[in-house]
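1 is the number of the first residue of the sequence shown in our numbering; add one for each residue after it.
I should point out that these hints are in silico values taken from the structure, not numbers from a laboratory. Be aware that one or more of the hints could be misleading.
[Stated by the list, open to error] Computed Cβ-Cβ distance ranges for the label pairs, DEER-style:
no.: 1; residue 1: 30; residue 2: 71; range: 45 to 53 Å
no.: 2; residue 1: 11; residue 2: 69; range: 29 to 37 Å
no.: 3; residue 1: 48; residue 2: 68; range: 16 to 24 Å
no.: 4; residue 1: 3; residue 2: 81; range: 34 to 42 Å
no.: 5; residue 1: 34; residue 2: 95; range: 17 to 25 Å
no.: 6; residue 1: 94; residue 2: 69; range: 17 to 25 Å
no.: 7; residue 1: 81; residue 2: 38; range: 29 to 37 Å
no.: 8; residue 1: 29; residue 2: 93; range: 25 to 33 Å
no.: 9; residue 1: 9; residue 2: 68; range: 26 to 34 Å
no.: 10; residue 1: 41; residue 2: 69; range: 26 to 34 Å
no.: 11; residue 1: 29; residue 2: 9; range: 17 to 25 Å
Note that beta-carbon positions come from the ideal geometry of N, C-alpha and C, so glycine has one too.
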Amino acid sequence: MCETTPELALTAPYRHAQRLLAGWLERDVVGALREVFAVRAALASLNGVEQHRLSRWLAWLCVSAASRGESILGRIRRLDLTLGASTEKALSQLPAGMDFQAVRNRRKSA
């Protein structure tokens, strides 16, 4: 008998917070200012496990943004200091070869 890995079940508050946060990160400054309270309210409804999952997801988004020459970590910190700190910690725990600073400081060729 083979063992299977259980499928990740995401709660409705987590999915809602993730959806709002993703939209907030994509908006310009004016649009983000309008949505900031809704995003903060959604983040407040998450439990510790969900906050940790969200931090790991944001860490991968930071790496993705850094590869495009953008930085979203500062925006995350300004949104919520605790979320910013946990995202920074998650960045330091990414798998080997995913050095955030190296991706961020990489030179682009012509």
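- request: Could you tell me which of the hints above the structure violates, numbers in ascending order?
  value: 1, 3, 5, 7 and 11
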